[in-house]
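Below, each chain spelled out in residue letters.
Number of protein chains: 2
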Amino acid sequence: MARVMYDFAAEPGNNELTVNEGEIITITNPDVGGGWLEGRNSKGERGLVPTDYVEILPSDGKDPFSCGNSVADQAFLDSLSASTAQANASAANSNNQVCLIGSGDPWSAWSASKSGNWESSDGWGAKPEGAGAQKNTPNNWDTAFGHPQAYQGPATGDDDDWDEDWDDPKSSSPYFKDSESAEAGGSQRGNSRAGASSMKLPLNKFPGFAKPGVEQYLLAKQLAKPKERIPIIVGDYGPMWVYPTSTFDCVVADPRKGSKMYGLKSYIEYQLTPTNTNRSVNHRYKHFDWLYERLLVKFGSAIPIPSLPDKQVTGRFEEEFIKMRMERLQAWVTRMCRHPVISESEVFQQFLNFRDEKEWKTGKRKAEKDELAGVMIFSTMEPEAPDLDLIEIEQKCDAVGKFTKAMDDGVKELLTVGQEHWKRCTGPLPKEYQKIGKALQSLATVFSSSGYQGETDLNDAITEAGKTYEEIASLVAEQPKKDLHFLMECNHEYKGFLGCFPDIIGTHKGAIEKVKESDKLVATSKITPQDKQNMAKRVSIMSYALQAEMNHFHSNRIYDYNSVIRLYLEQQVQFYETIAEKLRQALSRFPVM
Amino acid sequence: MARVMYDFAAEPGNNELTVNEGEIITITNPDVGGGWLEGRNSKGERGLVPTDYVEILPSDGKDPFSCGNSVADQAFLDSLSASTAQANASAANSNNQVCLIGSGDPWSAWSASKSGNWESSDGWGAKPEGAGAQKNTPNNWDTAFGHPQAYQGPATGDDDDWDEDWDDPKSSSPYFKDSESAEAGGSQRGNSRAGASSMKLPLNKFPGFAKPGVEQYLLAKQLAKPKERIPIIVGDYGPMWVYPTSTFDCVVADPRKGSKMYGLKSYIEYQLTPTNTNRSVNHRYKHFDWLYERLLVKFGSAIPIPSLPDKQVTGRFEEEFIKMRMERLQAWVTRMCRHPVISESEVFQQFLNFRDEKEWKTGKRKAEKDELAGVMIFSTMEPEAPDLDLIEIEQKCDAVGKFTKAMDDGVKELLTVGQEHWKRCTGPLPKEYQKIGKALQSLATVFSSSGYQGETDLNDAITEAGKTYEEIASLVAEQPKKDLHFLMECNHEYKGFLGCFPDIIGTHKGAIEKVKESDKLVATSKITPQDKQNMAKRVSIMSYALQAEMNHFHSNRIYDYNSVIRLYLEQQVQFYETIAEKLRQALSRFPVM
Chain Z
1 MARVMYDFAA EPGNNELTVN EGEIITITNP DVGGGWLEGR NSKGERGLVP
51 TDYVEILPSD GKDPFSCGNS VADQAFLDSL SASTAQANAS AANSNNQVCL
101 IGSGDPWSAW SASKSGNWES SDGWGAKPEG AGAQKNTPNN WDTAFGHPQA
151 YQGPATGDDD DWDEDWDDPK SSSPYFKDSE SAEAGGSQRG NSRAGASSMK
201 LPLNKFPGFA KPGVEQYLLA KQLAKPKERI PIIVGDYGPM WVYPTSTFDC
251 VVADPRKGSK MYGLKSYIEY QLTPTNTNRS VNHRYKHFDW LYERLLVKFG
301 SAIPIPSLPD KQVTGRFEEE FIKMRMERLQ AWVTRMCRHP VISESEVFQQ
351 FLNFRDEKEW KTGKRKAEKD ELAGVMIFST MEPEAPDLDL IEIEQKCDAV
401 GKFTKAMDDG VKELLTVGQE HWKRCTGPLP KEYQKIGKAL QSLATVFSSS
451 GYQGETDLND AITEAGKTYE EIASLVAEQP KKDLHFLMEC NHEYKGFLGC
501 FPDIIGTHKG AIEKVKESDK LVATSKITPQ DKQNMAKRVS IMSYALQAEM
551 NHFHSNRIYD YNSVIRLYLE QQVQFYETIA EKLRQALSRF PVM
Chain A
1 MARVMYDFAA EPGNNELTVN EGEIITITNP DVGGGWLEGR NSKGERGLVP
51 TDYVEILPSD GKDPFSCGNS VADQAFLDSL SASTAQANAS AANSNNQVCL
101 IGSGDPWSAW SASKSGNWES SDGWGAKPEG AGAQKNTPNN WDTAFGHPQA
151 YQGPATGDDD DWDEDWDDPK SSSPYFKDSE SAEAGGSQRG NSRAGASSMK
201 LPLNKFPGFA KPGVEQYLLA KQLAKPKERI PIIVGDYGPM WVYPTSTFDC
251 VVADPRKGSK MYGLKSYIEY QLTPTNTNRS VNHRYKHFDW LYERLLVKFG
301 SAIPIPSLPD KQVTGRFEEE FIKMRMERLQ AWVTRMCRHP VISESEVFQQ
351 FLNFRDEKEW KTGKRKAEKD ELAGVMIFST MEPEAPDLDL IEIEQKCDAV
401 GKFTKAMDDG VKELLTVGQE HWKRCTGPLP KEYQKIGKAL QSLATVFSSS
451 GYQGETDLND AITEAGKTYE EIASLVAEQP KKDLHFLMEC NHEYKGFLGC
501 FPDIIGTHKG AIEKVKESDK LVATSKITPQ DKQNMAKRVS IMSYALQAEM
551 NHFHSNRIYD YNSVIRLYLE QQVQFYETIA EKLRQALSRF PVM
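Protein sequences, first through last, are from chains Z and A.
At position 305 of the first sequence (counting the first as 1) the number is 305 in full-length UniProt numbering, and the numbers step up by one without a gap.
At position 475 of the second sequence (counting the first as 1) the number is 475 in full-length UniProt numbering, and the numbers step up by one without a gap.
The set of hints was computed from the structure by calculation and includes no laboratory data.
Heads up, some of the hints might be wrong.
A pair counts as met if it fits within one copy or between any two copies, since identical chains are not told apart.
Stated by the list, open to error - Restricting the straight-line Cα-Cα distance to at most 20 Å, the calculated cross-link-like pairs of lysine to aspartate or glutamate (EDC-like) are:
#1 K435 to E413
#2 K423 to E413
#3 K431 to E420
#4 K438 to E420
#5 K435 to E489
#6 K225 to E344
#7 K225 to D531
#8 K582 to E570
None of the values given here were measured: they were computed from a predicted structure.
Modelling step: build the complete structure from the supplied sequences, incorporating the hints.
So this is what it looks like as structure tokens:
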């Protein structure tokens, strides 16, 4: 059963079914591919309906998000990306993670746990699959505010891009001949709203996520000699990743509309040009999403991977939306290029540098089979430093948790204030300046009708002053795009990073707890003394990884905030100076009496 | 019967009666003096209640302002000054003027008449007493907005100044031993809300207002040789008043609390120092009000006399209110000093220059008996120019009407916009800057807790930037007092002027209509040919007076608006430059990376 959320009018001859908001339909085939499902309405008519237009109801008919949380707002749901499905998959075989998804705040688990216990009562492996939640940072800046021109609330009836960008598994897309990824992306996306009930996620594709937890790494009898080594050195600021000698960026540009299914479905394709090769590749949004998923699966236990920008689009503002999304994809790619581990990873390199469809396909399959993922990523890490003792490890971990939580609060505060300010600057404030301008001009017009001699200069000056206030209105309305926008985007990006930490810290805390219990486990012969020794060493490796990542995070943070606040202030100075200068000019026109 | 509008707690031993809002009391003595009435509540208890705390009900129990107008808001009613009583007095013996008072817009009659006829159907004298309406300009800038610190809506229970400043007729006030003026001021004020029902206004005190109309002047058989001559000359800009060779201003300062009735009642006394004599006199608000009334009675048919500032005061903001009222009394007095006819008038001179109580009293009585008032003021005017023909007279009059109406609209538009802007600048906008400041500082605090080295400079800079935004918040909140305030005050003053014009123009139009009908009146022997000749001459004199006044008005307007907009722009330039400079300083603290 499914509840229709938006009106959908069937296109004649397309085997589609017209449905209306609120209608309940029976699903006869939950996934016919390409973001469509087959359903039957109460009159017995059958046909295809876009998966995203319906909300699949659990068999008991209850709201899928009925765990005490009512944030079932569509805009919010839409902002949850493909990862929701994956999170639900995780939730399916762990605890009620779905509630965390509903609450939308990855920190809520953290806050709750702070007062209680990081581990559930059994104390050993109850928190293995939390990683899914990190992807569900609610995009307040987007959904509640974002760029008002681009996002006007949930798209009702015209969010074609959603399913269009997630093409049919049998499509003739140049890079996606195989249906596997489409299934992992597209169809899930549609089903995500139904919670875990109709999950078809091939769990074996997510090693480290689908498997029990951090003990997989801590207790692995024999760590396979890692094909990839991720060295950690100790520099002036403590543990750090090794930065490649040459860095590169990647320019995302030239969004183009492509089409498939004989032009029936369209999508946007972006051109990516890595600066080191200067050779372009094309990628659709869904390819970015695939990459995001792979990076998350592979590195997500150790490195925060911020979500991609939302893919939702409303027809009316499509151009502005595409521009905005490209800007954010650019920021995301640049961020990945700046990361010494991510940027050097095979999956990322392959994404940017494949030479032809065959090479892309081969690389893609390889990446999806990569076993060195999830907590096992730590097995590739080699700190060139002595093991840390558990107390220090725990202190470091706590400090990271405390800092990232506090920064998350700070960033959210700034985003909230910024949203308010954006609204005022683009809404009522310029309207008011415009009114002042108009009022002055009206007055000048009246004065001109007095018939009194010798007041032309004054009236011209008042008219000019009025026009100046109209210009100021425009300046005020345009200014946020020049300064506040960047401050918001930066904070928005950091909010994405910070949203990943509750799970990262959860993994580390889990490992620490396990090591703490290792004596008891040895005593009860559940593990060998050698196991215990391995665990201690491995938790130390994890700690080095966390510290290296935090040092990377901090140096980026300092650079980013310095840059963005500088930019903000520079633009603000210029803004106020421009206004002052305009007013000075207006003033100079007044006659001296 | 009276309805209690505000709670009033009797002071023990003072023969007062405690009453509560909404209570109906029986009035046993409507005017015991000093702004008090005696009433009896439903329990039969008797005692004094402040007149202004109750609304006197007409005998049928209906709302006194029940003529289709529901602006019976107390704040509005309170903003109607003593003149309401007078207007009501006029209304009592003319048509339903009380409705115009209710509507609060002196232009409403004008607008209505525009589409219809300036004269009522009988065509001869039906619009003689409209002059009262001109004083009832609703003080939107004051009541709806004003200085929010000073005016927080109607005073509930602590507007002592109202009756305190209108002392008991039997008071021992140094200048008012006679009870006559107190009665014309104080007690009326209280009764004004009851409409004309309980009027005690000595109508004979208002020659020209209480008498039939402009025909009093047009048809006077013999104009008494005026003791005062008001010459009108023709200058480069047309007819003009003769400006005195030396001008003066008058400084209003040093408001002091005085008391009477053994300290039971207090009032504020201001020191007035004319710049030509440099000898101070003291006046209470009620003395200003007396002067206003005299000027209105004497010159109001020819010269717009703007209302005095409101006298309402709320206890909480008394100091700020007193300051504000003084500022407006100053503006009012200065305005009077600038007028060549007003400033030279005996009543005004006497107000500023009396030497002792006896001289003041003598002058006061003389002024109150002055017969050269109302339309008769035109009999003192002597244009040194040939008579104008009626067509030209009518055109001039229409032009004045059109201009003043248009300017009234323009001024009101600016006031409305200014009020909105004031609210934003003193309310939400600085709060937002404060929040931005706080958010930046919070972020810097979080950053400081990172434990990462070498970010002290950045964090200090962010903290400073945050403090800068807090400073900007203050600058924004304080700015309107430095610029918008003056623009508002100027427009407010002009709104006062413009509100006088419907009646002035009404008088002139009335005269023109009468002259138009003079042929018919001669034919029917209602007037003699000599009368007709006199009328033509006199309406020409009136036109010269109107033109002279308009030229005075225009030259003042040009000067005032030039000054005030210049000031506004200068202050605005400085404001934006200060902000830019502060932000530049904040920017300079950011480390260069």
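Hint check results:
| no. | hint | verdict |
| --- | --- | --- |
| 1 | K435 to E413 | between (32 Å within a copy, 9 Å between copies) |
| 2 | K423 to E413 | within (16 Å within a copy, 25 Å between copies) |
| 3 | K431 to E420 | both (16 Å within a copy, 11 Å between copies) |
| 4 | K438 to E420 | between (26 Å within a copy, 14 Å between copies) |
| 5 | K435 to E489 | between (31 Å within a copy, 19 Å between copies) |
| 6 | K225 to E344 | within (19 Å within a copy, 108 Å between copies) |
| 7 | K225 to D531 | within (18 Å within a copy, 125 Å between copies) |
| 8 | K582 to E570 | both (18 Å within a copy, 12 Å between copies) |
The structure agrees with every numbered hint stated previously.
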